[in-house]
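Using the supplied hints, reconstruct the complex from the two chains, each of which is provided in its own coordinate frame.
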Amino acid sequence: MKTNDVILQFTAKIVFFMIFFYAVHIFFAGHYTPGGGFVGGLVTASAIVLLIIAFDIKTVQSIIPINYIYSGCRIDYCWGNGSFLNVYG
Amino acid sequence: MAKIYDAFPAKLTLNNLYDFIVYEFSDKWMNRLSKTYMTGSIRGYLSYMFTGIAIIVIGTLFIKDGFKVSFLGASPIRPSQVLLILVLVIGTITTVFAKSRITSIVALGAVGYTVSLFFVMFNAPDLALTQLVIETISVALFLLAFYHLPKFRKAEERTRFRFGRAFVSIAVGVMVTLVALSAHSQKYIESIAQYYKDTVYTLAGGGNIVNVILVDYRGFDTLFEITVLAIAGMAIYGMIKLRMSKKGGKL
Chain A
1 MKTNDVILQF
11 TAKIVFFMIF
21 FYAVHIFFAG
31 HYTPGGGFVG
41 GLVTASAIVL
51 LIIAFDIKTV
61 QSIIPINYIY
71 SGCRIDYCWG
81 NGSFLNVYG
Chain B
1001 MAKIYDAFPA
1011 KLTLNNLYDF
1021 IVYEFSDKWM
1031 NRLSKTYMTG
1041 SIRGYLSYMF
1051 TGIAIIVIGT
1061 LFIKDGFKVS
1071 FLGASPIRPS
1081 QVLLILVLVI
1091 GTITTVFAKS
1101 RITSIVALGA
1111 VGYTVSLFFV
1121 MFNAPDLALT
1131 QLVIETISVA
1141 LFLLAFYHLP
1151 KFRKAEERTR
1161 FRFGRAFVSI
1171 AVGVMVTLVA
1181 LSAHSQKYIE
1191 SIAQYYKDTV
1201 YTLAGGGNIV
1211 NVILVDYRGF
1221 DTLFEITVLA
1231 IAGMAIYGMI
1241 KLRMSKKGGK
1251 L
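As they're listed, the protein sequences go chains A and B. So the first sequence is numbered by our numbering: it starts at 1 and just counts up by one. So the second sequence is numbered by our numbering: it starts at 1001 and just counts up by one.
Extracted from the complex, chain B is given alone in its bound form (with noise of 0.2 Å):
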């Protein structure tokens, strides 16, 4: 017995080994490498995200050869929709670089109606119907909020002009159309929407075609996708819940 342990000396022990595992490689090294990307910044997590997405999917989009655009059946652009677009784009660089936080608010408003006016465009009434509401509601919550809000900071009115969060928002904007496009441009398949248009009535016994898919044909999807919304509810409960009995208040 004694042979193995002069065979060996005592620093190549398994035990030595797993105590280097433990206490240097993964709490001191890999806590050294976690350390230089978890900065605690939300802006760096999210650049950090959008990056992602944004590679692998213009990345699939060229390497699978999806990315195709074609205008055939698209509707004409009508003036009204030129003038829309205008309101549109001049509402969003408003919303960005605006002074005070009021402008921002109104000008985000505007983008949200004008958003709602396209669906109404576009034969959406359901949808322009829930955006109105949902654009009316969150500006009067912002407008609530906005009394507690702290004064813009003079280091936010004055950014300077930074390359790399240029290209991540471009990156993103860019993924978004080139995928808008090609979803419209690429016919792999038949669309199913004939299908529903055909069963809406004799399968479902609806006659609202948006409500009957959500409920209907893709209940359970609907039915996790409120369990979702439940248990986001349930975690800004707890967070509230949280700070309030961190300061002694009750709920």
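Pulled out of the complex, with its shape left as it was, chain A reads as follows (with noise of 0.2 Å):
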């Protein structure tokens, strides 16, 4: 799918960061507020999927160079356990 959207990839690159740090901000307010590390991952995996959708896949793998499923899985397990090992812990 290509689409050459400017309003949507203009908009994109701005609430990209707002959407990914309102993520960080939700991952550590867990501890006391309403949040935690699954909502944050899953506002940060839907700051991805809006990238996916204002570019392609190819363009959001150069501005993010990883391997989504690969490291998906490694960041899932090692964020999960870490933040059972030290937040808490």
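It is possible that some hints are incorrect.
As the list claims (entries may be wrong) - Coverage of chain B stretches by chain A, computed from C-beta distances (three or more under 8 Å per stretch; other residues unrestricted):
(1) 1129-1141
(2) 1202-1215
Said to hold, decoys possible - DMTMM-like, lysine to aspartate or glutamate: derived pairs with alpha carbons at most 25 Å apart:
(3) B:Lys-1241 to A:Asp-56
(4) A:Lys-13 to B:Glu-1225
(5) A:Lys-58 to A:Asp-5
Hint data in this document are derived by calculation from the structure and do not stem from the laboratory. Nothing here was measured: the structure is a model prediction, and the numbers come from that model. Where is the CB? At the ideal position from N, CA and C, for every residue including glycine.
So, in structure tokens, the structure goes:
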């Protein structure tokens, strides 16, 4: 799917950072207020999905050059374990 | 020695029995038996599983006399909730019976957002947040995948009513409803919620009771849940990798 929507692309470039830092905020706020790692990770994923909708997968891969599926598993596991051991333990 | 061979004919040896078990019994007969239910149709497998679960759970509920309905302590139903339930039911019906995929996707999103509104009403901001984000992502992903899906086939548009499938779906619905009602009404032992409320700060040192239960009181539960999730992720990765290498593409 190739799109060339100027408004969507311009907005996505800015909104991506808002969503991403909101995700970080939610992730750390989970200790005392609603939020937590699960929602934080989901919001991060939604930011990347927004980029994929605005651009295409090749552009997103050049912006964030990671192997999404593989590192997704690793980050999920390591972060999960890390938060289990450090943040609350 | 030869007397033994004379006494027993060649057909009655253990060797022959072994051959019979391996080649005739397990290879031919059991294969034929397996083929009667292993049809390769996912719909068939799901209906076996759902029927089994429904029979086991409903049966246990009535044999153990666990079914009980009491609305003691239930909060009153407000008009706004009736409205939400109506939206929920209409959305679900639309999702199932919609003629085009895009209508189905939008109706599914409407159902999800309504559920998250319910969570807001029942004072569960954690769940509401999660449900909102999940619904947004899943609708966006469905719309992304929407381009690559083929059109609805005619046969799918007009399926005739089948008693067996209706029975399975109604049984599963009845099972979930009965279990939910009984879980609310049956109080054999006191709820553990009060213990969590009392000790959440002194024992675990966190303010958000949901997350504290997840990572502190039930830390190992969550740890192995993440392990299951990681295994599932690896399986998906492997499947995609396999398909890519068949095509000769790179991931």
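Cross-check of the supplied hints:
For the region 1129-1141 of chain B, the stated coverage by chain A is satisfied: 8 residues place a CB nearer than 8 Å to a CB of that chain, which reaches the threshold of 3. A stretch counts as covered by a chain when three or more of its residues have a beta carbon under 8 Å from one of that chain; for the region 1202-1215 of chain B and chain A the count is 10, and the coverage holds. For the hint pairing B:Lys-1241 with A:Asp-56, the CA-to-CA distance comes to about 20 Å; that is within 25 Å, so the pair holds. Using a Cα cut-off of 25 Å, the hinted pair A:Lys-13 and B:Glu-1225 is violated, with the two alpha carbons roughly 35 Å apart.
Distance hint between A:Lys-58 and A:Asp-5 is fulfilled; the C-alpha atoms sit about 16 Å from each other, no more than 25 Å.
Comparing the model with each numbered hint stated earlier shows that hint 4 is the single one that does not hold.
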